[in-house]
Structure formats: C-alpha cells, structure tokens
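S.K.: Sequence:
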Amino acid sequence: MSVLITGASGFVGQNLVAFLKSKKIPTVSISLREKRALFIPEHSSTLIHLAGKAHDLKKTSNEAEYFEINTELTKLVYRAFCESKGDTFIYMSSVKAVADNPSEVVDEETLAKPITAYGKSKLAAEEYLLQNKKEGTRLYVLRPCMIHGPKNKGNLNILYRLVRKGIPYPLGRFSNNRSYLSIENLNFVVYELIRNKRIESGVYSLADSESLSTKDLVYLIGESLGKKPMVLSPPIELVKVLAQIGDVFKLALNTERLQKLTGSYLVSNKKIEKAIGRKLPMSAKEGFLLTFRSFLT
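Heads up, the final residue of the sequence shown is numbered 297 in my numbering, and it's a clean run with no missing numbers.
The set of hints was computed from the structure by calculation and includes no laboratory data. Ideal Cβ positions, reconstructed from N, Cα and C, are used throughout, including at glycine. Wrong hints could be hidden among the right ones.
With a straight-line cut-off of 25 Å between C-alpha atoms, the simulated SDA-like cross-links for lysine to any residue are [claimed, not checked]:
1. 227 - 161
2. 53 - 1
3. 285 - 102
4. 113 - 172
5. 250 - 124
6. 271 - 62
7. 53 - 80
8. 285 - 237
9. 85 - 165
10. 113 - 258
11. 165 - 256
Cβ pair distances, simulated, as ranges [as the list claims (entries may be wrong)]:
12. 285 - 233: 16 to 24 Å
13. 174 - 289: 39 to 47 Å
14. 158 - 26: 34 to 42 Å
15. 103 - 250: 23 to 31 Å
16. 233 - 41: 57 to 65 Å
17. 158 - 103: 21 to 29 Å
18. 196 - 131: 35 to 43 Å
19. 252 - 61: 19 to 27 Å
20. 294 - 234: 28 to 36 Å
21. 230 - 72: 14 to 22 Å
22. 197 - 234: 41 to 49 Å
23. 234 - 277: 29 to 37 Å
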C-alpha cells in the first residue's frame, strides 16, 4: 500500500519522501491544483497532508488566503480521504495553532489562543478534522515547532552569516530556551505513525527532546565551521533601547527581531514519545550540527 502526500515538493515533503523510500514505502504525490478532481487511489492506505500556506514573515498576505488554503483546502482533502478506502490521515499543523509567545511550556492540553491568521487558520482546520473523524480510521494532527534540516536555512540564516563572517553576536546576556524539531525526528515520527497501528488518534506536539538557547545555536554554528564565535554581553537594557531605536529608523535590530532571538518557546514532546514507546532518535545538538554543516556544501 502506498502513502499519498500533498505538498511533497516542499522542504518537509522532499525529505519525507526520501526517508520513506529508504524504508521501502512507496509514495505518491498529489497535486491540489485541480481541486474538484481530487481523487484518492484505492491502493493507498495513508494520506499525509503537508500542503499549506506558510507563516508569512514579511506580513504581505491577507487573512483570507490563509483560511482558503490552510482551512478550506484541508477540508476538501479530508472529505476526499473519507470517501476513499484509506485508513490513516496525518495532518501537518503547527504549534502556532496554539500560541505565538507562550508564557509556559506548550503541550496538547494548552488552551489554544492563536494570534495570527496563520495560527487561526491552522486551528480551524484541526477543529474540523477532529469534529469529523471518520469511524474506523486513524487521524493524527501534528503540531511541530520550528523545523530545520540540511539545506534549509530559514530563520537560521542571519545567525549563520553573522558567525561565518566573524561578526560578534551582541546578545550574550540574554538567557532563553527554545524548542526546535529536526527533520530527522519528524520523519521518524511520521514513519512510526504509518507503521504502528496501535498509536491512538489525536493531537501530538512535536519537538526535539532538548531545548536550546540562541547562544547555544551560535556556538553550534561555530563548531560546524571549526571556529570560535565572538559573543558580546552589553547590558540588556541598553540592547532594548537600541532595538527601540531600530524600530524608528528601520535598522537590522528592532524589538520584533530581538524578541525572536531572545524569547523562549518551549514545546513538550512527552505525549508522542510515550505513544511511540521511546525517545526521538536524534538529539537537538546532533540535528543542528547536521543542518549547519550542510550549509558549507
């Protein structure tokens, strides 16, 4: 039986297809361009819905786009799945469906209060799926935190360039902890959900087992480059004032970027590890070293 995947051309999709191929699991990519002609082949037992509109960091997208793609398209895909003979549906949501700047560790019991259109559209899709679960099937809603992996710099690009060029990291006095998810651990979880029929349906938060500070990432980048990064520790209040000045004069360091670099966002993966029966295979440090070393090639 093959696994159907929407959004297979994206970063997660490409990595997942390659991983499942290494496990001798055939995959079929579904195009969602012809929405009305969506068809689920009879020989497919699992559908993984990755396609969606990503969080727009530049804030140029309108709210309707998020709901059209992340919510309504998910409904269409799930209805097609329910009309098929498939028995497993995996939906890639996001921790942003729960919170943007949580004050506590996020888990499956955290009250969802998304702020952005992206988070709200993901939560709306989750609610539809959970309210319309087809009897006799398995339904998994996955909420990964920030995913990283080889060749995918994403939000890490600024930090990486800073260390590579020998520019001092100026936020040494800030202490934070953030959860991340390596693509290797994400692939492992999806594989377990496909093969292990005993894992209960439901919502699962996904993160590496260890959290890291931004300063930890700076040192890991240095380790991957074989050089010691320069870390400066000016007073925190001074940095905050400079960030406010950056808001006014559109500088590289502003309050929003400072929050992203120094804020904490912790996600618990205890539920998924308990369901699988083991810890995720790759440590946070190992995953990031793989990611950073891939930037060299």
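S.K.: Hint by hint, note whether the structure agrees.
M.R.: Consistency of the hints with the structure:
1. 227 - 161: Cα-Cα ~13 Å, so holds.
2. 53 - 1: 29 Å, violated
3. 285 - 102: Holds: residue 285 and residue 102 sit about 23 Å apart, inside 25 Å.
4. 113 - 172: With Cα atoms ~31 Å apart, residue 113 and residue 172 exceed 25 Å; violated.
5. 250 - 124: Distance ~34 Å between residue 250 and residue 124 Cα, so the pair is violated.
6. 271 - 62: Cα-Cα ~34 Å, so violated.
7. 53 - 80: Given that 25 Å is the threshold and the Cα spacing comes to 20 Å, the pair holds.
8. 285 - 237: 30 Å, violated
9. 85 - 165: Distance ~54 Å between residue 85 and residue 165 Cα, so the pair is violated.
10. 113 - 258: OK: residue 113 and residue 258 at ~23 Å, within 25 Å.
11. 165 - 256: With a Cα-Cα distance of about 23 Å, the restraint between residue 165 and residue 256 holds, given a limit of 25 Å.
12. 285 - 233: 16 to 24 Å: 23 Å, holds
13. 174 - 289: 39 to 47 Å: With a Cβ separation near 23 Å, residue 174 and residue 289 fall outside 39 to 47 Å, so the hint is violated.
14. 158 - 26: 34 to 42 Å: Between residue 158 and residue 26, where Cβ atoms are some 39 Å apart, the hint holds.
15. 103 - 250: 23 to 31 Å: For residue 250 against residue 103, whose Cβ atoms are near 29 Å apart, the range 23 to 31 Å holds.
16. 233 - 41: 57 to 65 Å: Check passed, 58 Å falls within 57 to 65 Å.
17. 158 - 103: 21 to 29 Å: Holds - the Cβ-Cβ distance for residue 158 and residue 103, about 26 Å, lies within 21 to 29 Å.
18. 196 - 131: 35 to 43 Å: 25 Å, violated
19. 252 - 61: 19 to 27 Å: 23 Å, holds
20. 294 - 234: 28 to 36 Å: 32 Å, holds
21. 230 - 72: 14 to 22 Å: With Cβ atoms ~49 Å apart, the hint is violated.
22. 197 - 234: 41 to 49 Å: Distance hint for residue 197, residue 234 is violated at roughly 55 Å.
23. 234 - 277: 29 to 37 Å: 47 Å, violated
When each numbered hint is compared with the structure, violations occur for hints 2, 4, 5, 6, 8, 9, 13, 18, 21, 22 and 23.
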